[in-house]
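Peer 1: With the hints as constraints, model all of the structure from the sequences given.
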Amino acid sequence: MPHHHVIIGSGIAGLVAAETLRKEDTKATITMISEEPHDFYSRPGLAYYLRGDFPEKQLSIRSREDINAIKVQRINGVVERLAWQNHEVHLSDGQRVRYDRVLLATGALAVPPSFPGSELQGIVKLDGLDDCRKILQLAKRGQPAVVIGGGITALELAEGLNARGMNVHFFLRSARYWGDVLDETESKIVMERLRHEGITILTQTQIAAAVGKNGKVDAVQTQAGAHVPCSVLAVAIGVRPRVDLAKKAGLTINKGVIVNEYLETSAPDVYAAGDVAEYRDPVTGAGVLDVLWPTAIDQAKVAGANMAGVRKTYIKGIPFNVTMLAGLRVAIIGSVGGGSKNDDLVAITRGESEAWRIVPKAWVVSGQEDINRIRIVVGDTTIVGALVMGNQSWARPLERLITAKVDITPIRQAIVSGGAESLRKLAEFFHRWEKTKS
Amino acid sequence: MPASRWHCCPHCNVYLMLPENAPRDLECKGCGKPMFAPTELAGSFATALSLCEFDSTHEKLSEAQVVPDASICVQCGMCTYNCPMGIDVRAHAWRGKAIRDSHCLTCSECVNRCPRGVLRFERIPLFVLK
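From first to last, the protein sequence lines are chains P and G. Position one of the first sequence corresponds to residue 1 (this note's numbering), numbered consecutively onward. Position one of the second sequence corresponds to residue 1001 (this note's numbering), numbered consecutively onward.
Calculated directly from the structure, the hints in this document are not laboratory data. Honestly, I wouldn't trust all of these hints.
[As the list claims (entries may be wrong)] Derived list of chain G stretches under chain P, where covered just means 3 residues or more per stretch with a C-beta under 8 Å from a C-beta of chain P:
#1 1070-1080
#2 1108-1120
[What the hints assert, rightly or not] Partial chain P-side listing against chain G, Cβ under 10 Å, derived:
#3 I12
#4 Y49
#5 Q58
#6 L59
#7 P294
#8 I315
#9 G317
#10 N321
[Stated by the list, open to error] Only some residues are given here: those of chain P computed to face chain G with a beta carbon under 10 Å:
#11 P44
#12 Y48
#13 S63
#14 G94
#15 D298
#16 A331
#17 N391
All C-beta atoms in this analysis are idealised placements derived from N, C-alpha and C, irrespective of residue type, glycine included.
Peer 2: What follows is the structure, given as structure tokens:
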């Protein structure tokens, strides 16, 4: 009797798990249940679609043949209950699907706004393709828009609406952008570039209420009493893992669904991967939320293999992500902590790791040359984090030094003294280290 | 697959492997000037060689292949969308495979446009004009 695997969610974790399952178990039946009816698409790509860099069909990440090859039965529906005692999932339309193993790949959703007037039309978020389509319908050239939030998604929304010709007012509750990850100079560089693109940034500005006309948002009232007109109000104050299903089923959860190194949850034959999962380090016991695409892929590969009966261990890497901030490539590796609290976010931002925000007790070295900027966070004997802005040639070497926890004692003094000389020393050191490895 | 052959840029002398149906307004991967525009040098390989200097940028580009770093790719598709030769760069990036497509011009469109810095040039002894 072939196994029946059920995957809940059709994001990248769901897709990669399905592909892994099919590779490991050619006979199994794989069913994917998702609320989104769309073909598999790139969630991070939405930012560029929103900006008008390419047409919608470009978002699709698998061809028809690829999809046919994994032989996944897709059900468009909402899972209401996970009855793991009976190995069943119950859908809202009454359908019951039996499984041998199930994967929760339900992702994370934007935290809904709570200010007065948040039910008005024209208030948008950016979770998926449907949101993006809705925003594009609402975005009218020359009309005013307001964006609230302090992370990557807020910036993507601001730049997207701006590129679509709207007059964007970007509200920051704090004095600078993404203060818990970027340092002051980095925030300034990003903000300066956003202003240059034509976005109006209002720092230390908080929304008091959304004001509507005929049920549609018309303006934003700030706490300082200002009245900012807008026909679109985009909110990105963080995302939360979608744990409802797991919570109702009595699984162990914290911020996300707690998983072990096999991506198993606390219930038998129930796995979780991607944004919904919170991996608890078996040694330290600490749970860290990574809302990162590469993390979702890594976890889904391990979860898929384990579901197929191939024992595989998930090894959490150093959180590493490259993102585009105001047209600048920015790589964030390990713990970089920007030094200030970010009041703009009530939850983790999409495309971020909680580990980045940890402010390490360490020296910070920055080398700067135009907009090519490198910030290296040095611990007692190792490099613990780095932020590479602009030219990315240093991102990979730094990631490798950080991941391998290489003892940099011989050049530590040279590094912390800063400047171009420290980078030259580090380059020499890296090349020597690479040679000893091979 | 249309047949391809080497074309010499009349402005800067770099060689590009181009298919027969390459757009007539195609720009040279190195100097950015039109590949097929008539100039006083066009058609004369010998003259071009003597009059144009072969600069380092071109040498580097003509000897490079595009290599992805799969672990940071988010499959947005910007690369594939901007490839003038219609190569599915994104699919290569997913598998972590270098672009070894004979149609690749190493024009650097994908490398420059990738929002995440996934793609880079890696030197290979592909074609050296010395």
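Peer 1: Would you mind marking each hint as holding or not holding in the structure?
Peer 2: The hints, checked one at a time:
1. Here's how the stretch 1070-1080 of chain G fares: 8 of its residues keep a CB closer than 8 Å to some CB of chain P, so the rule of at least three is met and the hint holds.
2. Only residues whose beta carbon comes within less than 8 Å of a beta carbon in chain P count, and the stretch 1108-1120 of chain G has 4; three or more means the coverage holds.
3. Using the Cβ-Cβ criterion of 10 Å, the hint placing I12/P at the interface with chain G is satisfied: the shortest such distance is roughly 8 Å.
4. Taking 10 Å as the C-beta cut-off, the interface hint given for Y49/P holds, the closest approach to chain G being about 8 Å.
5. At about 4 Å, the closest approach between the beta carbon of Q58/P and any beta carbon in chain G falls short of 10 Å, and the interface hint on this residue holds.
6. Given hint, L59/P at the interface with chain G, holds; its Cβ is 6 Å from that chain's nearest Cβ, closer than 10 Å.
7. Restraint check, P294/P versus chain G: the minimum CB separation of about 6 Å is within 10 Å; hint holds.
8. For I315/P, the suggested interface contact is broken, since its CB lies about 13 Å from the closest CB of chain G, more than 10 Å.
9. Because the smallest distance between the Cβ of G317/P and any Cβ of chain G comes to about 9 Å, under 10 Å, the interface hint for this residue holds.
10. A least Cβ separation of about 7 Å between N321/P and chain G falls short of the 10 Å threshold, and the interface hint therefore holds.
11. A least Cβ separation of about 4 Å between P44/P and chain G falls short of the 10 Å threshold, and the interface hint therefore holds.
12. Look at Y48/P: its Cβ gets to within about 5 Å of chain G, closer than 10 Å, so that hint holds up.
13. Annotation: S63/P was flagged as interfacial toward chain G, and the flag holds, the nearest CB pair being 9 Å apart, inside 10 Å.
14. Checking G94/P against chain G by beta carbon gives a least distance of about 36 Å; that is not within 10 Å, so the hint is violated.
15. Taken as an interface hint, D298/P checks out: its beta carbon lies about 9 Å from the nearest beta carbon of chain G, inside 10 Å.
16. Look at A331/P: its Cβ gets to within about 7 Å of chain G, closer than 10 Å, so that hint holds up.
17. At about 9 Å, the closest approach between the beta carbon of N391/P and any beta carbon in chain G falls short of 10 Å, and the interface hint on this residue holds.
The structure shown violates the earlier hints numbered 8 and 14.
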